[in-house]
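**Q** Chains as they are written, first to last, in my numbering: chain A, 1 to 79; chain B, 1 to 137.
Errors might be hidden in some of the hints.
Far from chain B, by Cβ distances over 10 Å, these chain A residues were calculated [to be verified]:
hint, residue
1, Met4
2, Arg8
3, Ser9
4, Leu21
5, Ala27
6, Gly31
7, Gly34
8, Gln35
9, Pro51
10, Glu67
11, Ala71
Cβ pair distances, simulated, as ranges [what the hints assert, rightly or not]:
hint, chain 1, residue 1, chain 2, residue 2, range
12, A, Leu61, B, Ala123, 41 to 47 Å
13, B, Gln133, A, Val6, 36 to 42 Å
14, A, Leu61, B, Ala124, 36 to 42 Å
15, A, Val64, B, Gly118, 37 to 43 Å
Examples of chain A residues lying across from chain B (beta carbon under 7 Å, computed) [to be verified]:
hint, residue
16, Pro16
17, Pro18
18, Met22
19, Ile25
20, Trp53
21, Lys56
Calculated from the structure, these hints are not laboratory results. No experiment lies behind these values; they were computed from the predicted model shown. All residues carry an ideal CB built from backbone N, CA and C; glycine is no exception.
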Amino acid sequence: MSTMQVDRSIDARGMPCPGPLMNLIGAIRQGQVGQVFEVLSSDEGSKTDIPAWVAKAKHELVGVVDEDGYARFVVRRAR
Amino acid sequence: MNEQERPLSLVLFSGTDDKLTAAAVLAVGAAAMGRPVHVFLQYYALDAFRASRVCADHGLAPEATAAQAAAVRGHPGQHWSELLGQAKDVGDVDVQACALSMEVYGIGREDLDPLVDGVQGVAAFMASATDGQVVFM
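Here chain A stands alone, though its shape is the one from the complex (with noise of 0.2 Å):
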């Protein structure tokens, strides 16, 4: 996954919940279908709220990787 191409980052770094899932989702919806978005966030929240959202908005949740203090989630504009 480190050498995935990341069309657009956000860094959400300390941002309550739902704060980086609402990043995301705007980052979504302003991008295109195909392109890999990658959050960056420290809210634990996010580790439930954003499988579970682009599951059910049916994108793609191409990895999650735990850094040090925060998470990486890196998602696939599916449709």
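We have chain A already, so just place chain B on it with the hints.
**A** Chain B in isolation, oriented as in the chain A frame:
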């Protein structure tokens, strides 16, 4: 997200900033997950949605201790009006003022913040709730 989801209906009675924030967070989550959200503003919650008072200090629920109040006030989260605006932006969120409460305060539609979509009677609100949950806060 095209399948019809059950609506979430929030009846907001309390007008303190903590309860309004909790309600706005629920609205954002439901809207993001594709559920229609109906918000019905009564009494103290309606008062907080007056255009001139949205940004005022609405206090906290009586159960907040001094230490909890300091923690809540010191938290850098978004204001409930901003969260509700985001909910409307990502989903189907309708905010209605309770007609009875409007009469209690003697106010009109023009006195309310633009987040409020209209004035509704209780029967119309219940009709819009259909088979979804109704949550009273």
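**Q** Take the hints in turn and mark each one as holding or not.
**A** Hint by hint, here is what the structure shows:
no.	hint	in the structure
1	Met4	25 Å, holds
2	Arg8	18 Å, holds
3	Ser9	21 Å, holds
4	Leu21	6 Å, violated
5	Ala27	12 Å, holds
6	Gly31	15 Å, holds
7	Gly34	19 Å, holds
8	Gln35	18 Å, holds
9	Pro51	12 Å, holds
10	Glu67	21 Å, holds
11	Ala71	18 Å, holds
12	A:Leu61 with B:Ala123: 41 to 47 Å	43 Å, holds
13	B:Gln133 with A:Val6: 36 to 42 Å	38 Å, holds
14	A:Leu61 with B:Ala124: 36 to 42 Å	40 Å, holds
15	A:Val64 with B:Gly118: 37 to 43 Å	41 Å, holds
16	Pro16	5 Å, holds
17	Pro18	5 Å, holds
18	Met22	5 Å, holds
19	Ile25	6 Å, holds
20	Trp53	6 Å, holds
21	Lys56	5 Å, holds
Comparing the model with each numbered hint stated earlier shows that hint 4 is the single one that does not hold.
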